[in-house]
Structures are given as C-alpha cells and as structure tokens.
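Undergrad: As a plain string of letters, each chain reads:
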Amino acid sequence: MPTVFELQGITKRFPGVLANDHIHLTLEQGEVHALLGENGAGKTTLMNILYGLYTPDEGTILVHGSEAKITSPEDALRLGIGMVHQHFMLVPPFTVTENVMLGVETLHYGLFLDRESVARRIRDIADQYGLQVDPAARVQDLSVGAQQRVEIVKILYRQANILILDEPTAVLTPQEVEDLFKVIRELVARGVSVIFISHKLKEVMDIADRITVLRDGKVVGTTRPADTSLATLARMMVGREVILTVDKAPARMGPVVLEIKDLQVRDDRKQMAVNGLSLEVRAGEILGVAGVQGNGQTELVEGLTGLRPVSGGEVHILGHDTTHASPRRILEQGVAHIPEDRQRDGLVLSYPVADNLVLNTYYLPPFARGMELQAGAVLASAAELVRQFDIRTPSVLALTSGLSGGNQQKVIVAREFSRPIQLLIASQPTRGLDVGSIEYIHQRLVEKRDQGCAVLLVSPELDEIMSLSDRIAVMFRGQIIETVVGGAATPEQLGLLMAGIHPGEERVPAAVPA
Amino acid sequence: MAVMARTREAVAPISRRYILSVFYLLVGLFMALVFSRDARPGEIAKLELNTTRSIELVRMPDIIVPVLPVVWVLSALVVILALYHLLHGFRRTGWLLGMVSLSFLVSFLVWAGRGTSFSLIGILSATLQLACPLLLGALSGVLCERSAVINIAIEGMMLGAAFASVIVANVTGSLFLGLGAGLAVGALLAAWHAVMSIRFKMDQIVSGTVINIFATGLTNFLNQRVMQVYTNLNSQQTFPTFSELAPELGKIPIVGPLLFDQTPIVWLALLLLVIVQIALFRTRWGLRTRAVGEHPRAADTVGINVFRTRYVNVILGGLLAGLAGCYYTLGSVGRFDKLMTNGHGFIALAAMIFGNWTPVGAFASSLLFGFSEALQVKLQILIGQVNIPYDFLLMLPYIVTMVALTGVVGRVIAPAADGKPYEKQ
Amino acid sequence: MGTSVQKETQPGIGREGPASQPRARNAIWQVLNTLSIPVLALFTALVISAFFILASDPVILAAYGNFFQSPVHALAISWNEVASAYTALFLGAIGSPAAIVVAIRTYLATGQTNGLIQAFYPFSESLVAATPYIFAGLAVALGFKCGLFNIGAEGQIYIGALTAAYVGYRFTGLPWIIHAPLTLLAAALAGAVWAGIPGYLKAKTGAHEVINTMMMNYVAFNLADFLLNGPMKRGGSTGYIPISPDIQTSAYLPKFFPDPIRLHAGFLIALVMAGAMFWFLWRTTLGFELRTVGSNLRAAKYAGINITRNFVLAMALSGALAAMGGAGEVMGVNHSISQSFSPGYGYNSIALALMGGSNPLGVVLASLLFGALSNGATAMQALAGIPIDIVSIVQAFVIMFVAAPATIRFIYRLKVEGGVQAVFTRGWGGG
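Protein chains in written order, with the working numbering: chain A, 23 to 536; chain B, 203 to 627; chain C, 5 to 435.
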C-alpha cells in the first residue's frame with residue numbers, strides 16, 4: 023500500500039510542556055489509522071501540525087513522498103488533507119450550503135453568491151459517499167450527527183482524500199456512531215485515508231486498521247487490533263495497570279432526599295429540554311444519569327440547582343419544595359453542586375484559592391460577622407482544606423488560574439465537601455482530568471455516599487456511570503426512559519437505551535435523516 | 203459541541219412583559235386623558251399635503267381629521283394591546299412597539315394640530331431628513347458589528363467628519379473636497395478604533411469611548427482656536443438640493459417636497475442602504491463578513507483572514523459615519539457648531555439594535571426615531587397648543603431609545619462573536 | 005456572550021495587593037512597574053497633545069513652511085510655545101516652587117500668612133478641582149468592579165447638583181448640622197435612583213448600560229435646562245447663563261482656610277468615601293458579591309449571589325457617589341447651580357477609573373493628577389491662550405494607553421509582562 027503521508031521526528035514545545043516528542047507516524051492509502059491516547063497525550067497537537075494550525079519545532083512531513091511545508095489550513099487542503107475538529111467549525115445561523123462554500127465560494131458575474139451550483143455539488147457528494155445532508159437546512163437546526171456529516175462534506179467538497187477525525191464520537195449516540203463507521207468504511211472503499219483520533223478503546227478496536235498509541239507526547243507503539251487487546255491498549259495509554267472498575271461496598275440506602283416529578287425545563291432555544299422527567303435519589307446511594315450529551319442533562323442540573331428557571335413539574339429536596347428556589351436557598355438545604363464547566367461556573371479564576379474555597383459560604387459565620395468578612399477565618403479554613411484535600415498550590419493566596427485542571431477541580435470538591443451536605447449533584451466531574459485525578463474524584467464520591475449523602479452523578483462517560491452507580495437512570499430526549507440497577511445492565515443494553523430504544527422494541531430504521 | 207442558536211420568537215419572559223405592558227398601558231391612558239382633554243368635540247385637524255410655499259403644480263387636498271374620535275380610537279387600541287400583552291403576550295414585540303409608538307405619535311400629532319392645520323408633508327419630509335444621519339450611522343454600526351467589532355465611536359466619527367468637511371470646504375472652496383475630507387476623517391478615526399481593538403485587543407467599548415472623547419475634545423479645541431478666530435473658515439457651505447437644481451422636480455405634488463427637496467446626501471444614504479443590504483446577504487464579502495462575526499474560528503479554519511476582514515469593515519463603517527457627519531454640515535446648516543451631533547451617534551446604535559443588525563431594519567428604526575424628532579422640531583410652531591415644556595420634548599428621542607432597547611434586547615440577536623477580540627492560536 | 009475578567013491581580017479577602025511576594029525589593033519593583041504605565045501614559049499623552057497645540061497655531065505652521073530656510077527658528081518657536089503652555093499648566097496646577105519657599109520663610113520669620121495663602125493658592129485650587137473627580141472616579145470604578153460601564157456619571161452629577169441646590173435653597177431655618185448632611189444625602193439618593201434605573205433595566209432585560217446611562221444623561225441635561233429656566237430659576241436674574249438661587253449658608257460645606265482658598269470639606273468627604281469604598285469592596289460580604297459578579301457572572305450565580313440585586317446596588321452606589329460629586333460643587337464651591345457647570349467630570353472620570361486600576365487609592369491619585377491638569381489648563385487658557393479642551397485630548401490618549409498597556413510597550417519597546425487584559429464588554433445584552 024502506498025504511503026499517503028509520513029511524519030518524521032515531529033517535535034512541538036509549548037511553554038512548560040513538551041506536547042510532541044520526536045513522533046513518527048505513517049498513514050497508508052485507504053486505511054483507517056487510529057491515534058489513541060489520553061487527554062493531553064498530544065494527539066490533537068500532532069494533527070493540528072499536520073493541518074497547518076501549528077508549525078513543528080523539529081521534524082519533517084512527507085506527503086505522497088515529497089516534503090511538505092504546511093503553514094496554514096489552506097496549505098493542508100491543497101495537499102488533500104482535511105480535518106473535522108472536535109468542536110465543529112460551522113457557523114450556526116448559516117445553511118449547510120453556505121457553510122460548505124465558505125472560503126471557496128462560487129460566484130455569479132464574479133460578485134454574487136452562487137448557492138445553487140454549490141448545493142448541486144453537495145448533493146452529488148452526498149450521493150456518492152452515502153451521506154445524508156440537506157443543503158438548505160440551517161446548521162443550528164441540525165442534530166449533532168448531521169452537523170458532523172456536514173463537516174465531512176465540507177472537506178470532501180474541497181477534494182481532500184486524507185481525512186482527520188478528532189474525537190468524532192464524543193457527542194454521538196451509539197447508533198450515530200454506527201452510522202459514522204459506515205460512512206468511514208464507504209469513504210475508505212473509495213480511496214480516502216482516515217486518521218481517527220480517540221481515547222475510546224472499544225471504538226478504536228472496532229474501526230481501525232492500525233492503532234498508534236501516544237502517551238505524554240511520545241509514540242508508545244503501533245499495532246493492529248488483531249494483535250492486541252483492550253487491556254494491552256489501556257496499559258499502553260496509561261503506562262500502568264488501569265483499574266477499570268471502582269471498589270465499593272454495597273449501598274445502604276436511606277430515605278428519599280431528592281424527588282423530581284414531571285420536571286420541565288426549557289433550553290436557550292426555548293425548546294423543552296427536560297420534558298416530564300421524574301426521578302428519586304435516596305440517601306446513601308449514587309444514582310447515575312447516563313445519556314449522550316444533549317438530551318437535557320445540562321438543563322436538568324441547572325434546573326435542580328436554581329440556575330435555570332423551571333417551566334413545570336416539581337422538585338423536592340428533603341421534603342422542601344425547591345422547584346423555583348434561588349440557588350442560595352437550594353445550597354442552604356445542604357445541596358452541593360460540582361458543575362459541568364468548572365472554569366466557567368465553579369470558580370473565579372482571577373481570585374485567590376482562599377476566596378474560591380468560600381465562594382458560596384462567605385456570608386456565613388465564621389467567615390462573616392454580619393456584613394463584615396473575617397479574613398482570618400477564611401485563611402485558616404483555606405489552609406486546612408488545602409492540606410486535607412492535597413491541593414497543589416504555592417499558597418492559599420495564589421491565583422486559582424495558576425492551578426492545574428485536577429487541582430482546580432479539587433478546590434471545588436474541597437469547597438463543596440467542607441460544609442454539611444445531604445445531596446451532591448456532580449455533573450461531568452472528571453471531564454478533562456488525568457487518570458490520577460479521576461481516581462481521586464471517584465473515591466471522594468463513593469466516600470460521600472458511604473457517609474449517607476445522596477449522590478446524583480450526571481456523565482456522558484458510560485464507564486464512569488457503570489463503575490460508580492448503584493442505580494442507573496438513562497436519559498433520552500428530556501426524560502428518563504428506564505432505570506436499572508447498577509451492575510445488572512450491560513453496556514450494550516445501556517447503549518440501546520441511550521439511543522432511545524427500549525429492550526424488546528423493534529430496531530429503529532437506520533439512517534433517519536437529521 | 204452543542205450548537206448555539208438564535209432565539210426563536212416566543213413569548214417573552216414574565217418580567218420584561220410586565221414592565222413593557224405597564225408602560226404601554228400608561229402610554230395609552232396618557233393618550234386618552236391628556237390628548238382628549240383639551241380637544242373640543244367636533245374639532246378637526248387639517249393635515250396639509252402641500253408645502254407652505256404652495257409651489258406645487260397641482261394642489262393636493264388636505265386631509266381632514268376629526269380629533270377626538272381619532273384620539274379615542276388610538277388610545278383604546280394601545281390600551282387593548284397593552285392588556286393583551288400583559289395577560290397573554292405577543293410574540294412579535296417589535297411589531298407591538300412599532301404599533302404603540304405610531305399610535306402615540308399620530309394621536310399626538312392630531313391633538314397638537316387641533317383646530318388648526320399644519321403641514322403633514324413638512325413633517326414627513328423632515329422625518330426623512332432627520333432619519334438620514336441615523337440611517338448612515340446605523341449602517342456604519344451594522345458593518346462593524348456584523349464582523350463582531352462593537353463601534354460606539356460613531357458619535358465621535360460624525361463630529362470629526364462634520365468639522366473637517368466645513369474647514370476643507372471653506373479652504374478649498376469645493377464642496378466635494380469637503381465631503382471627501384469628512385469621509386477621510388471618519389475612516390481615519392475608524393482605523394484608529396480598529397487598531398486599538400483588533401491589534402491591541404483593547405476592550406471595544408473603551409476604545410470607542412477614547413475616540414469619542416478625543417473627537418469631542420479636538421473639535422472643541424480647534425473650533426475655539428481656529429474657527430472662532432478665522433470665521434471665514436466656518437461660513438455656510440451646503441450641497442444644493444435636487445429641487446434647487448431642477449425646480450420642476452420640486453413642484454411635483456407630494457413626491458416633490460418629500461424626495462426632491464432634500465440634500466443629495468439623503469439619496470446617497472438610501473442608495474447605500476440598498477447596496478449594503480444586497481452586499482451583506484448576497485455577495486462573497488457579505489458571507490465572509492457574517493461568518494467572521496458569528497464564528498471567527500470557523501472562518502479562520504477555512505482560510506479567511508479574520509483580522510483583515512474586520513479592519514476593512516470597520517474602515518468602511520468609518521466612511522459611512524463620516525458621511526453621516528457631513529450631513530450635519532454640508533447637508534444641513536452648512537457651518538460647524540460645538541457638539542452639534544448631540545448624541546445621535548448613540549441613537550444610531552439603538553436603531554441598529556432595534557433593526558436587528560440588518561440594513562432594512564435599521565432604516566425602519568431610523569424612520570421612527572426621525573419621526574419623533576421631526577415632531578419635536580415642527581411642534582415648536584404649535585407650541586401654544588402643546589402644554590408640554592419644550593425641554594421635555596427634547597428628551598423624547600432619548601426616552602424612545604431607552605424604551606426601544608428595553609423592548610427588544612434579548613429578543614434580537616447580535617452577531618455571536620460581537621465584542622470579543624479574536625485570538626489566533 | 006463575552007466574559008468579564010478583572011484586570012491584574014485580584015486582592016484577596018483581607019489582603020491588598022499582589023499575592024506571595026515576600027521580598028521588599030520585589031515589592032518595590034512591583035510598585036514601580038504598576039506606576040510606570042500610567043506615568044508613561046501621561047507623559048506620552050502630553051507629548052502628543054503638544055503636537056496639536058503646535059499644529060493649530062498658524063504662526064508655527066508658517067514657520068515650518070520655511071523649515072529648510074530657518075530650521076532653528078521653527079524649532080525655537082515650537083519649543084517656546086509648548087514650554088510656555090506647559091509652564092503655565094504647571095504654575096496653574098501647583099504654583100511656583102520659588103514663591104512657596106519664600107512664603108514659608110516669611111511665615112516662619114514674621115508669622116504673616118498672606119504670602120502663604122497666595123503661594124499655596126494654585127495647589128489648593130487643584131485639590132478643589134480634584135474633589136468632584138474623586139467622587140466621579142470612584143463612581144465609575146465601582147461600576148467597573150461589578151462589570152458595569154457607568155458612562156452616565158455626568159448626568160448623575162447633574163442630578164446630584166440639582167437636588168443639592170434645591171434642598172439647599174428651599175429649606176430655611178435649619179441648623180447646619182442637619183441641613184448640610186440632609187442636602188448631601190438627598191443628592192446621593194437622587195443619584196442612586198437615576199443610576200439605579202439603568203441598572204435595573206440591565207439586570208432584568210439585559211439592555212446595555214452604556215446606551216441607557218447615556219440616554220439618561222441627555223434626559224438629565226434637558227431636565228436641568230428646564231428647571232434652571234423655569235421652576236428653579238433665580239429671581240430677578242437676567243444673566244446670560246441660567247442659574248439657581250443661592251443655597252442657604254446652613255447648607256454650605258465648610259472651608260478650612262481663609263479666602264481666597266476654596267478648599268472645602270468635600271475634599272475630605274471624598275477621601276473618606278475612597279476609604280469606605282475600599283472597606284466595602286474588600287471587607288464586606290456585599291462587596292465580595294459585587295466583585296464576584298464583575299469577575300465571573302456565571303460563577304456568581306452558581307455561588308448563590310443575586311445578580312439583579314448586585315447590578316442595581318452597584319449602579320445605585322455608583323450614582324450616589326457621582327451625585328455627591330455634583331453636590332460637593334454646589335455646596336462647597338459655587339453655592340448654586342448653573343447651566344453647564346460641569347466641564348465633563350463624568351466623562352473624564354472614565355479615564356480616572358481606568359488609570360487607577362479601578363482601585364480607590366489609584367483613583368484618588370489619578371484624580372489629584374486630573375484636578376491639577378484641569379486647574380492648570382484654566383491657567384493655560386488664560387496665560388497662553390490654549391483652549392481647555394486640550395485636556396480632553398490628553399485624557400483620550402491616557403485612557404488609550406492605560407486600557408491597552410501594549411500600546412505603551414509598543415511605543416517604548418518595553419518587555420511584556422503577564423496580566424489579563426481588562427474586558428468589560430458583554431455584547432449588547434441577553435446576559
């Protein structure tokens with residue numbers, strides 16, 4: 023098989039970190055080559071270099087045998103390399119046609135946009151590769167899977183034959199993942215070569231012809247699925263034996279702490295994101311809410327914590343009606359919230375660590391006497407929490423922006439755990455963290471649950487849900503479609519539920535248009 | 203990543219509805235109580251469709267309006283609309299605001315003219331005139347903001363351009379050079395704003411304020427130091443209107459006074475309105491501009507130069523603001539006075555927001571603001587009939603702006619990246 | 005929409021200034037570093053303004069027309085013009101150092117105070133001029149701390165002045181101890197309401213406070229015109245400028261020194277307000293909330309902080325401070341209010357707040373500087389014929405340089421240091 027491109031000795035340094043360390047990689051014609059690694063292993067950086075968004079400090083790139091200098095996406099596209107980013111590069115209010123033609127517009131009379139011929143070409147490409155797209159649809163109205171298809175069409179329109187997919191399955195339902203894999207196989211059959219960046223072992227084993235594992239910026243090894251196993255890959259990714267499950271004692275459940283009845287919450291687009299959801303969480307248990315992102319989980323958590331107005335239904339915490347309560351009142355009921363986006367919602371990055379540790383308790387004694395803040399008490403408490411939770415920071419007065427992701431999350435955890443809580447709502451608590459921090463957070467969650475706290479865990483990572491939860495509630499299109507006992511359900515069953523398919527139902531016909 | 207979406211029209215949240223409904227209700231009650239109080243039954247207002255100079259070829263009949271019935275009907279309409287909005291809620295609140303404003307203004311007009319007659323044509327003509335700089339300012343804002351650069355320096359650009367146009371026109375004796383100077387000053391100030399916000403990533407509101415303070419200070423400074431010493435530099439220089447060039451045009455009934463008795467800058471403004479509207483939505487430049495404004499990183503990844511697009515748009519916006527400034531001098535009084543733009547740069551911004559960042563919308567809002575201002579100007583004639591102190595009338599455009607903003611913000615969507623400096627990785 | 009990030013290091017609860025800098029030498033470097041930008045900014049602004057002074061003088065322009073024939077002449081008269089302008093500025097702002105020394109000697113020798121009074125007069129005038137700037141600067145800074153751009157300080161000053169004048173002349177027979185504080189309080193309240201309205205609209209509807217406060221400004225100006233030409237018009241006044249009646253002496257702010265020195269209690273009150281603002285922002289729960297709202301709105305919501313209340317509170321307090329500035333002028337200096345009495349205190353204070361880093365101490369220092377500048381500019385106009393508006397030009401450049409220190413570094417090729425750029429903009433609304 024001819025080599026499509028070859029990366030030789032690629033090295034890239036950022037202040038304080040060596041992102042890529044003399045990396046060698048080849049891609050052969052018509053293969054699906056997976057780039058596997060943890061968050062922060064250097065995969066995206068490497069591909070950004072290939073796509074012209076970064077320039078390497080050292081190393082050469084050979085495309086079809088000859089050396090190439092790629093300094094911009096245009097250069098990359100000229101060489102036939104296209105990239106579908108993890109966060110889509112689509113302009114939401116534009117139509118599919120406008121998004122595809124952006125940057126390479128065809129014109130009438132040299133001045134006016136020629137949308138019609140572009141639309142025609144889009145339909146041709148779609149038919150050729152079996153992709154379902156509607157040129158006239160507005161991107162913001164499309165499902166995530168459909169948007170991804172638009173991104174792919176965008177690249178094919180520019181006649182790329184090397185496709186880089188960066189974490190493409192992060193936001194897809196299992197069904198949509200199957201559809202994507204079908205598309206990839208179709209593309210490959212027509213001569214396109216694909217690089218598939220992921221941290222999901224099972225998918226990589228499913229789709230890849232060859233797998234290269236990156237760890238800490240270095241290539242650990244290249245292998246084929248037939249020659250390896252999940253455990254081997256995991257060990258290569260992490261460098262040690264990875265505990266894929268969490269040890270925990272069986273749950274001792276107490277009374278109902280959180281009761282949700284027919285909850286309705288609207289999202290930013292005024293659509294009903296939470297659509298008649300009912301749920302109960304008891305003291306001493308971890309209830310995991312599984313589901314693909316975008317089924318209303320964010321709105322559910324925001325509705326429960328008072329950050330978003332509730333349009334219908336009821337929420338009771340420890341018997342009190344908190345449906346329309348303010349965030350402060352809910353906090354005062356003994357509710358802790360670890361937010362989905364720690365930097366945006368959970369912390370004030372420009373504040374010192376000590377201030378963030380009292381972010382929602384500053385007005386209570388001993389931190390305040392009436393209106394006056396008691397600096398001494400704040401600092402003392404901060405020092406104690408830093409010690410207790412092993413937060414790595416030069417001092418309690420250091421700015422929170424200087425802490426690593428894991429330590430920032432520890433600040434939030436320390437803060438929430440530093441007051442007596444009956445209900446803990448944790449939303450994607452381990453997003454973007456390294457394995458050590460993930461283990462730490464998981465242990466703390468189980469610890470709280472063993473102390474009698476009710477824990478509501480919301481996460482799109484099925485593994486996390488399965489390993490931690492006593493009960494699992496699957497959320498789909500704003501409702502809980504099924505609740506199962508943790509440990510009783512298999513990933514396949516949960517995957518089907520996450521796609522909205524009840525066990526025993528007929529399979530939904532494939533390729534439902536967006 | 204979840205997609206970001208524009209808010210679809212839906213019933214507004216309770217608090218804003220409540221505030222606005224109560225406000226509209228008060229407006230309706232005000233109309234019913236105040237406007238009908240002084241009017242005697244059977245009194246009429248005569249709205250003339252001819253200019254006071256009566257030069258038309260054909261004399262158009264006057265519109266006779268019975269005052270009390272019209273006032274009652276319009277007040278009732280406003281009250282009903284307000285109550286409906288409070289209890290049920292309208293979807294299209296922009297439409298609602300427009301209806302209420304129009305009803306108020308028409309009944310105000312009719313009441314003010316009770317028992318006498320006044321020139322409707324005069325008011326409409328003045329409306330178009332006064333809307334012209336607002337339209338140009340709003341177009342300037344649209345160009346800048348569609349590529350995500352907030353420009354609150356329109357006021358300063360207008361002022362600077364006004365000053366420059368007069369000086370250069372007087373020094374060179376050429377109106378066109380004066381116009382050019384005004385445009386150039388607008389563009390220069392805009393370039394300064396662009397450099398500060400794009401290259402130095404300064405907060406765009408602060409950067410705009412810098413320009414405003416600078417322009418105000420410099421024009422006052424030079425006005426005092428130069429113009430008041432050499433008064434020949436500030437003598438009247440205006441463009442002739444079409445009807446001055448071709449008197450026959452001005453004599454066409456209705457259309458004549460309305461369209462031809464205007465400075466050519468008004469025509470330029472209307473022409474630019476059409477050009478910008480088409481360019482923004484049908485050309486490559488427009489597509490790229492809007493992409494840069496909504497999702498600059500996406501535009502960057504397909505090879506569009508985000509920075510250059512923004513620079514170009516801001517400078518084009520400066521040209522338009524400069525033209526707006528020239529209106530105040532070359533298109534109107536012909537001389538420069540301190541602070542002559544009087545906050546209109548900000549009203550133009552409100553027109554832009556109210557018009558949902560589209561040229562056509564901006565035009566509609568400019569007409570509304572222009573109408574309210576024309577009323578205030580023309581009503582000085584009727585000052586005896588209007589028991590409202592002159593200074594309160596002067597406040598009208600500003601209050602209307604505030605109400606308009608309250609009514610529509612959050613319901614209209616700014617370009618998504620508006621105000622954020624772009625960071626290349 | 006956009007985020008709001010506070011500039012530079014954020015002092016923590018109980019501590020002022022940058023964190024974890026143990027050595028004194030480092031501390032001095034820090035201070036110098038922090039001061040260098042504003043100082044360079046002012047210097048550069050003055051240089052640029054000198055250019056405008058020169059370029060608007062036909063005599064100088066003519067001399068440059070002949071530059072190659074007699075370059076020395078052109079440069080000489082340029083230098084003379086700028087030197088005389090800025091010398092007048094300095095003398096008007098601080099006074100002549102020589103005269104001060106002589107006056108002190110005379111006082112020590114003979115106990116005569118006349119000379120002292122005369123020598124210190126310019127300096128005292130600078131303090132008088134600085135007083136409203138301190139108030140207005142604190143007002144705008146407080147807004148910035150909450151992420152709000154209060155461009156309406158000017159209108160709030162007018163409202164404060166109008167209220168103070170009214171309460172000052174309307175109520176007779178009240179003892180000083182009641183009348184003066186009452187007047188001040190009334191003005192503060194009026195300003196709080198005037199600014200509170202845009203604050204409320206911002207909180208409830210997301211309407212941007214820049215436009216709304218600007219509109220309230222114009223409403224205030226027109227209101228002032230109406231009142232001063234009508235209900236509040238001074239009886240028997242046929243003067244060119246509309247003016248209100250004089251306030252009762254019981255509403256005066258006391259002066260410290262004999263005439264003609266006009267330094268009044270308002271200056272002290274302003275300093276007290278600066279201290280109060282520091283205490284409020286860094287030592288109270290409300291202040292903590294306000295700063296958090298300004299630093300990260302979403303995190304503030306998450307922390308249970310009531311955003312509406314803080315927006316309204318911040319704007320109201322800001323308006324109150326600005327209004328007190330206006331009241332101070334009425335009660336301490338003019339003893340009445342006339343049309344257009346403010347040379348743009350409200351707008352100029354934006355530069356102040358930025359220059360002072362939105363911190364009370366910085367604002368006070370910057371205000372003293374601006375007071376000196378504006379006082380000196382009056383002298384510059386009288387002695388050297390330069391219009392006062394030159395101060396606006398200086399200010400515009402100062403704001404620019406301070407708001408984007410990169411510009412100064414670019415000009416002077418300074419090294420880049422860390423620090424987050426101040427971004428106050430949240431787009432046009434909708435949260």
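For the record, the hints were derived by calculation from the structure and aren't laboratory data. Heads up, some of the hints might be wrong.
Stated by the list, open to error - Straight-line distance between alpha carbons at most 27 Å, and here's what the computed DSS-like set of lysine-lysine pairs gives:
1) Lys-237(C) with Lys-540(B)
2) Lys-224(A) with Lys-270(A)
3) Lys-580(B) with Lys-403(B)
4) Lys-292(A) with Lys-540(B)
5) Lys-204(A) with Lys-222(A)
6) Lys-222(A) with Lys-270(A)
7) Lys-248(B) with Lys-622(B)
8) Lys-237(C) with Lys-292(A)
9) Lys-580(B) with Lys-622(B)
10) Lys-622(B) with Lys-208(C)
11) Lys-224(A) with Lys-240(A)
12) Lys-222(A) with Lys-240(A)
To be verified - Reference listing, derived: stretches of chain C covered by chain B, where coverage requires no fewer than 3 residues with Cβ under 8 Å from a Cβ of chain B:
13) 214–220
14) 396–408
Each residue gets a CB set at the ideal place from its N, CA and C atoms; glycine is no exception.
Undergrad: It remains to establish, for every hint, whether it holds in the given structure.
TA: These are the hints, each one checked on the structure:
1. Lys-237(C) with Lys-540(B): holds (25 Å)
2. Lys-224(A) with Lys-270(A): holds (25 Å)
3. Lys-580(B) with Lys-403(B): violated (45 Å)
4. Lys-292(A) with Lys-540(B): Status violated; Cα separation ~48 Å.
5. Lys-204(A) with Lys-222(A): holds (18 Å)
6. Lys-222(A) with Lys-270(A): holds (24 Å)
7. Lys-248(B) with Lys-622(B): violated (53 Å)
8. Lys-237(C) with Lys-292(A): Violated: Lys-237(C) and Lys-292(A) sit about 54 Å apart, past 27 Å.
9. Lys-580(B) with Lys-622(B): Given that 27 Å is the threshold and the Cα spacing comes to 42 Å, the pair is violated.
10. Lys-622(B) with Lys-208(C): holds (23 Å)
11. Lys-224(A) with Lys-240(A): Holds. Lys-224(A) to Lys-240(A) sits at ~22 Å (cutoff 27 Å).
12. Lys-222(A) with Lys-240(A): Holds, at about 18 Å.
13. 214–220: Since 6 is at least three, the answer is holds.
14. 396–408: Holds, because 9 residues of the segment 396–408 of chain C bring their Cβ atoms closer than 8 Å to Cβ atoms of chain B.
Going through the hint list in order, the structure does not satisfy hints 3, 4, 7, 8, 9.
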